[in-house]
Structures are given as structure tokens and as C-alpha cells.
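Residue numbers for the sequence shown follow our numbering, beginning at 9 and rising by one.
FYI, nobody ran anything at the bench for these hints, they're computed from the structure. Treat the numbers as computed from the prediction; the structure is a model and nothing was measured. Warning: the hint list may mix true and false statements.
Under the rule of at most 25 Å between Cα atoms (straight-line distance), these lysine-lysine pairs were calculated in the BS3-like manner [as the list claims (entries may be wrong)]:
hint, residue 1, residue 2
1, Lys46, Lys36
2, Lys40, Lys85
3, Lys46, Lys20
4, Lys36, Lys60
5, Lys20, Lys85
6, Lys20, Lys60
7, Lys63, Lys40
8, Lys60, Lys19
9, Lys85, Lys63
10, Lys41, Lys60
11, Lys20, Lys41
12, Lys41, Lys63
13, Lys19, Lys46
14, Lys19, Lys40
15, Lys19, Lys36
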Amino acid sequence: MQKWEDMTLPKKLDENPQYVEALRSFLKAERKKMGGTKAMYLALYGVEPEEKEEKRLINLLNRGALSGEFIGLCIDKLGLANRTLGEAFNIHQS
9 MQKWEDMTLP KKLDENPQYV EALRSFLKAE RKKMGGTKAM YLALYGVEPE
59 EKEEKRLINL LNRGALSGEF IGLCIDKLGL ANRTLGEAFN IHQS
């Protein structure tokens, strides 16, 4: 058994990539339901994206760091408040 003193938070939290991949898939599915990246950007920010902004959103969903601020914005602006974290992270109770 590991001692409390030996337990530390890792510098980089990357031992469970399945969670971020599930969240990416969840947000990509929402984007598809909305009709694509332009529609998602418009819903999130209230303006049509320029080409570079659209590409940045695509890159963020594909491989960027999904911050708490961005996840909160998605929940607020995309009408996801009634969805569960379990759904977003593909975690099901057994």
C-alpha cells in the first residue's frame, strides 16, 4: 500500500485519455447535430466565424486542451445543462 506522503498529483494528467476522447466525441456529435462547425461557433460566440476561427474550433475539438471555461460555455450556449457528466465522458453506472 502506498503511503500518503508518497502520493502526489502528477505534473501532467494523462493517464486516463479515454475521458478526454469521450468528451471530444460528445462535443463532435453535438456539432454534427447542429449542422457543423460554423453553426456551433455561431451558437457559442454569437457571430459567424472567420475561416481561421472556424479552423481553431475544429483543432480544439480534435486535439486541443478542453478547459473548464470552454466546457462551461458549451453547456451554457449549446443547451446541454440537462445532460449528465456521465454522458459527456461516456461513463455508465453498473
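Hint check results:
no., hint, result
1, Lys46 with Lys36, "holds, 13 Å"
2, Lys40 with Lys85, "holds, 15 Å"
3, Lys46 with Lys20, "violated, 32 Å"
4, Lys36 with Lys60, "holds, 18 Å"
5, Lys20 with Lys85, "violated, 29 Å"
6, Lys20 with Lys60, "violated, 29 Å"
7, Lys63 with Lys40, "holds, 15 Å"
8, Lys60 with Lys19, "violated, 32 Å"
9, Lys85 with Lys63, "holds, 20 Å"
10, Lys41 with Lys60, "holds, 22 Å"
11, Lys20 with Lys41, "violated, 33 Å"
12, Lys41 with Lys63, "holds, 19 Å"
13, Lys19 with Lys46, "violated, 35 Å"
14, Lys19 with Lys40, "violated, 34 Å"
15, Lys19 with Lys36, "violated, 28 Å"
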